[in-house]
Amino acid sequence: MRTVPLAAVAIVCLALAGVMTWPLALHLASGLPYDLGDPLLNAYILAWDADRLRHGLSGLWDATLFYPYPHTLAWSEHLLGTALFTAPVQWLTGNPVLVHNVAMLGSYTLAGVGMFGLVRQLTGRTDAALMAAVAFACAPHRVLLGSRVQMLMSGWMPLALWALHAYFATGQRRALAGLVAAFALLGLSNGYFLYFFAVTVLVVACGELVRLMLAVRTGPATGPLQPGRAIADLSVAAAASAAVMLPVALVYLDVQQTMGFSRSRDEILMFSATLDDYRRALPHMVTWPGVLAGGSAERTLFPGGVVLLMALAGSIGAAWPAGERPGHTAGRGLRLTYVALALVALWLSMGLNHAPYEWLLAHVHGLSGLRVPARMVVVVSLALCVLAGFGCASLLQRLGSPALRAGLCLLLTLGLLRDGYGGPVTIHVVDPPSRERTMLTRWMAMQPAGAVLEWPLFASRDGWTRNLPAQMASLDHARRTVNGYSGYGSALQDFIGGPGSPALSPREWPALFAGLSRIGVRIVVVHRDAPLMPDMRPDPAQIADTWEGDTLVAFALKAPEAPVPAAPSSSVPLVAGADFTVTASHRPDRITDMLDGNPMTRWISGGAQRGD
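Sequential numbering from 43 applies to the sequence shown in this note's numbering.
Rather than coming from a laboratory, the hints here were simulated on the basis of the structure. Note that the structure is predicted; figures quoted are calculated from it, not measured. Ideal Cβ positions, reconstructed from N, Cα and C, are used throughout, including at glycine. Certain hints may be false.
[To be verified] The following label-pair restraints were derived from C-beta to C-beta distances:
id, residue 1, residue 2, range
1, P544, P325, 37 to 45 Å
2, L409, L56, 30 to 38 Å
3, L456, P65, 19 to 27 Å
4, R271, D77, 47 to 55 Å
5, T593, T625, 52 to 60 Å
Please work from the sequences and hints to get the whole structure.
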C-alpha cells in the first residue's frame with residue numbers, strides 16, 4: 043500500500059525538480075547551474091569520492107588539491123553521503139558534471155519523498171502529505187542555496203523524523219535503526235546539517251517523550267512503549283550515530299586545529315540572520331519582487347506566503363480537532379513540538395545576534411567552522427512544512443466533496459510552486475577536456491611521480507576560473523596539484539599566487555623552481571594566455587623534459603640533488619636537548635611538534651599572528 047504512493051511521489055518530485063531548475067534538464071551532461079564556483083568544486087569532490095570508493099576509501103582525505111598539505115578534502119564538505127549514491131553514475135560515465143546534476147535533481151526527490159512519508163505518518167492523509175512534500179521540495183531556500191548541492195540534501199531530515207515518530211508509535215527498534223541510518227547519511231552529506239539536525243532530533247524527541255510521559259501519567263500503560271525504555275533506546279541510537287560520525291569528525295577537528303581553520307566572529311556575525319531577513323526575498327523570485335525587500339544572498343530568508351498560511355492553520359487552536367493520524371490522540375502535542383522546533387531554529391539562525399550563541403561557539407567543538415548560521419532556515423522550513431501538512435489536513439477534513447478537496451490541492455500546489463520559483467536557472471557550460479589537454483595528460487603519465495603546478499595560480503579563493511580547471515584536470519592525470527579552490531585557501535598558493543609572488547620577477551624564477559622541486563613538484567604547466575607572466579619558465583639546467591601545445595607548455599623539473607650534510611662548525615657548538623627549554627604563549631601542548639624530527643608536524647598557535 044505504501045510502495046505505490048512513494049514511487050508516485052518520487053516521480054512527481056523529479057518532474058517538479060526539472061521545472062524548478064529549468065533549463066538544467068537540457069544540459070545535464072554539459073552545464074552547471076548558477077555559477078562555476080561551488081558547483082564545479084562539488085562536481086570535483088563527488089568524482090574524487092567515487093574514485094576513492096572504488097579503492098576502498100584508501101587515501102580519501104588526501105585529495106589532489108592544495109599540494110603539499112594533507113587531508114585537503116576536509117577543507118570543505120566531503121559529500122561522501124551523497125557520493126555513495128552517485129558513484130555508479132561517475133563510474134559508468136566518467137562525467138563529473140552529469141554526476142553533480144543527478145545529485146541536485148535527486149535532492150528534490152529525496153526532500154519530497156521524505157516530507158511525504160513524515161506528514162502521512164503524522165496525519166494519515168495522503169493529500170495533505172503531498173502538499174507538504176511539494177512545499178518542502180520546492181521551498182524558496184532551495185533557490186537561495188542552489189549552487190551548493192550539499193545544502194540541498196535536507197531530505198534525510200524528514201526521513202529521519204519519520205523513523206523517529208514511527209518508533210514512538212510502534213515501539214519497534216528497527217525504526218530507530220532507520221533514524222540512525224538517515225542521520226548518518228545526512229551528516230555525511232553536509233557538516234552544517236550534522237549540527238542543525240542534532241538540535242532538531244533533540245527537540246522532537248523531547249516533545250515525544252513529554253507526550254509519552256503525560257500519556258502514562260493520565261491513563262493505563264497500554265501502549266507499546268514506556269518512558270524508561272524509550273530513553274534507553276534513544277541513548278543507544280545517539281551513541282550509534284556518534285560512533286558512525288566520530289572518524290569523520292576527528293579528521294575535521296584535527297584539520298581545524300593543525301591548520302588554524304575557523305571563521306572569525308565578524309564573519310559569523312555577518313551571516314547571522316535577523317527577524318527582518320525573514321521578510322526578504324531574492325530579487326528574481328517570481329512572486330515577490332516589489333513586495334518584499336531584497337537583501338544579501340545568504341540572508342533572504344522569506345519561507346513563502348502559502349506555506350506560512352498553511353502552517354498558521356496547522357498551529358492555531360481552531361485547527362486542532364481535525365486532521366489527526368487515525369488512532370493517534372496527541373496531535374495537539376505534535377503540533378506544539380513543531381512550533382517549538384520552528385522557534386528554536388529561528389533563534390539559532392540568528393547566530394551572534396543573540397549572546398548565547400557565543401557560549402555555543404566556546405563549548406561546541408567544530409561549531410566555529412560554520413560560517414553561516416542563517417542556513418538554519420532549512421530547519422525552519424522543515425518545521426513550517428510539517429505544520430503546513432497539519433493545517434492542510436485540517437482544511438481537507440472539513441471539505442466533504444472530493445472535487446473541492448482536489449481543487450484546494452491544485453490551488454495550494456500552484457501557490458507553493460510560485461513561491462519557490464526563482465525563474466530560469468543560469469546554466470554555465472563546462473567544456474570537456476580539449477585534445478591539447480588530453481595529449482598533455484598522456485605526456486604527464488610518462489613523467490616521474492610528483493605534484494603539478496599550473497600557472498597562473500591565484501591566491502586563496504580568488505581566481506577560481508583558473509584554479510578549478512586545474513583542480514578538475516588533476517582527476518585525469520591523478521597527480522596532486524598546488525592549485526586549489528575550496529572552503530579555505532592554501533598558504534603556499536597565497537605565496538606563489540599573491541601580489542608579492544617570486545613568480546612575478548624573472549630573476550627569481552630559478553630559486554622558485556628549485557624550491558618547488560625540493561618539495562616534490564615535478565611538473566609546471568604554463569598557460570600562454572595567462573594574464574601574468576605567460577613566458578614563465580625554469581632555467582634550462584632545471585628542465586628534464588618539455589611539452590608544448592598551442593596554448594599550454596609544460597616543464598618536467600629535474601629532481602633535486604641530495605644535499606651534502608654540512609660539517610658541524612667548531613665556532614658554533616651544538617646544544618644538547620637537555621640544556622634548553624622551549625615555551626610558547628599559545629598552544630604550548632603542541633610545542634613538541636617543533637622538535638620531534640618529523641617534517642610533517644609543526645607547532646601552530648591556532649589563531650592569527652598578532653605579534654604577541
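Against the structure, the hints come out as follows:
1. Checking the proposed 37 to 45 Å range against P544 and P325 shows it holds: the Cβ atoms sit about 44 Å from each other.
2. At roughly 35 Å, the beta carbons of L409 and L56 sit within the given window of 30 to 38 Å.
3. For the pair L456 and P65, the supplied restraint of 19 to 27 Å holds, since their beta-carbon distance comes to about 21 Å.
4. A hinted range of 47 to 55 Å holds for the C-beta pair R271 and D77, which are about 51 Å apart.
5. Checking the proposed 52 to 60 Å range against T593 and T625 shows it holds: the Cβ atoms sit about 53 Å from each other.
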